[in-house]
Amino acid sequence: MRTRGPSYLTFEEKDFYLDEFHEKSLLLAIRSVDSASEADLAAALEVVHTLLTNETMVVLFIETPREEAQQKRLKSWVKQLLRLAKTPALMPLSLPEVASEEELLIHIWDALRDGPLFVGLCPADSEVSLLTCAQRIAVSLRVYKLVLLDAVGGLVTENKRMSFLNGPVLQELLRPGAAEWTGLEAWRPLLAAIHLALEGGVASVSLCRFTELGRELFTYEGCGTLFTLTDYCHVEKLGIDDFHEVEKLLERGEREGHLKPRTQMETARLLLHGYGARLGPAPGELAGFCALFPYHADMTAEIVGLSTITRYQGEGIGGRLVDRMVLEGERQGLTYLFACTTQDGAQRLFERHGFRRVVPDAVTEAKWRGYAPERKRQVAVFRRDLQPPESQAETHP
1275 MRTRGPSYLT
1285 FEEKDFYLDE
1295 FHEKSLLLAI
1305 RSVDSASEAD
1315 LAAALEVVHT
1325 LLTNETMVVL
1335 FIETPREEAQ
1345 QKRLKSWVKQ
1355 LLRLAKTPAL
1365 MPLSLPEVAS
1375 EEELLIHIWD
1385 ALRDGPLFVG
1395 LCPADSEVSL
1405 LTCAQRIAVS
1415 LRVYKLVLLD
1425 AVGGLVTENK
1435 RMSFLNGPVL
1445 QELLRPGAAE
1455 WTGLEAWRPL
1465 LAAIHLALEG
1475 GVASVSLCRF
1485 TELGRELFTY
1495 EGCGTLFTLT
1505 DYCHVEKLGI
1515 DDFHEVEKLL
1525 ERGEREGHLK
1535 PRTQMETARL
1545 LLHGYGARLG
1555 PAPGELAGFC
1565 ALFPYHADMT
1575 AEIVGLSTIT
1585 RYQGEGIGGR
1595 LVDRMVLEGE
1605 RQGLTYLFAC
1615 TTQDGAQRLF
1625 ERHGFRRVVP
1635 DAVTEAKWRG
1645 YAPERKRQVA
1655 VFRRDLQPPE
1665 SQAETHP
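Per the working numbering, the sequence shown runs over residues 1275 to 1671.
Some hints could be false.
Below are the DSBU-like pairs computed for lysine-lysine, each with C-alpha atoms no more than 35 Å apart in a straight line [unchecked claim]:
| # | residue 1 | residue 2 |
| --- | --- | --- |
| 1 | Lys1511 | Lys1534 |
| 2 | Lys1298 | Lys1346 |
| 3 | Lys1346 | Lys1360 |
| 4 | Lys1650 | Lys1511 |
| 5 | Lys1298 | Lys1353 |
| 6 | Lys1522 | Lys1641 |
| 7 | Lys1349 | Lys1298 |
| 8 | Lys1522 | Lys1434 |
| 9 | Lys1360 | Lys1298 |
| 10 | Lys1298 | Lys1434 |
| 11 | Lys1522 | Lys1650 |
| 12 | Lys1534 | Lys1434 |
| 13 | Lys1641 | Lys1511 |
| 14 | Lys1349 | Lys1360 |
| 15 | Lys1534 | Lys1641 |
| 16 | Lys1522 | Lys1298 |
| 17 | Lys1360 | Lys1522 |
| 18 | Lys1511 | Lys1298 |
| 19 | Lys1650 | Lys1534 |
| 20 | Lys1522 | Lys1511 |
| 21 | Lys1522 | Lys1534 |
Using C-beta positions, here's what the derived DEER-type ranges look like [said to hold, decoys possible]:
| # | residue 1 | residue 2 | range |
| --- | --- | --- | --- |
| 22 | His1296 | Asp1388 | 15 to 25 Å |
| 23 | Glu1454 | Arg1631 | 39 to 49 Å |
| 24 | Phe1517 | Glu1446 | 29 to 39 Å |
| 25 | Ser1368 | Arg1449 | 30 to 40 Å |
| 26 | Glu1459 | Val1632 | 44 to 54 Å |
| 27 | Arg1536 | His1296 | 22 to 32 Å |
Just so you know, these hints were derived from the structure itself, not from any lab.
Please read all numbers here as calculations on a predicted model, not as lab measurements.
Glycine included, every Cβ here is placed at the ideal spot set by N, Cα and C.
Sequences and hints are given; from them, build the entire structure.
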């Protein structure tokens, strides 16, 4: 049975990602802990413990430092982790001592057969680097997610963090001269390894600082760079299996003021008429949401609750949701769609997708029944008239 771990972390969206990682496998490759404070080590310990309590399988590769004092510090941290994982008898494996990759894979499965954790140690001067070893093992095991942790963290170009990269962009960066032109020449070996991992079947790769592991894994914003193979975005009607995940996204939007507060009944209606945008192969990672509320008597519908997870803002997710709602409205033979918002960004989005701003009375009167007069004065109303299916057929033979 699924159990919740202790609430070590304060990030309110943590459970959203614990649901995603439940009964999945993560490979964490830690390149350096030399600069980590005791508080940083304790925080990382809590993150790994939370994953283990969540019934997530964790394969942990750690680059061992050269200095004896740092080695003792790392050894103490690993012992604490093994105690928390309730596997104190598990001995960390020195990766260079393993004769072959196949033998290492067998060792990993032997450990995971009896518990949720494997720990491998890789000296900094090892012939096969930690990065190469992690990439190869991640592909061989087809782990769900690979997390690369070092002192530098995610990609930065022109003093701006690159929070999300898909396969085509990554491949473009790996073309001769491209990484150098963007100031990422030092990252080329790392980018090549990430690309190989994604091509080999790993669903996603995260690159972040060791000190920010929890924020990268358990928050919508993240703090490093997330890589996926494809930017393929599919928008589909929600099913009940999606409701718990999407409800957390809506709660976040309400807390931040992007969405109006709703009762449980109103939220349930939103979910029943909701659509989710997901990235990558099925089932995909949730990137955005909206609902299409019908007004059957007036042959219209309203786009409601449009939200995009912070990390994917600026990636066109909102536009794909709006386009899908237009197609759905036309399929249903509706005369027009409308939307109400107080957000400047949402207003620009609707205008880009063929909506025009209108007075409130230009949409169905049923929308305003019981609506707070003050909020009605605040919202901007946008409308897009739709073509009936038969006229589309005439226009596009």
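Task: Hints violated by the structure (numbers, ascending) - done: Of the numbered hints given earlier, the structure breaks none, since each of them holds.
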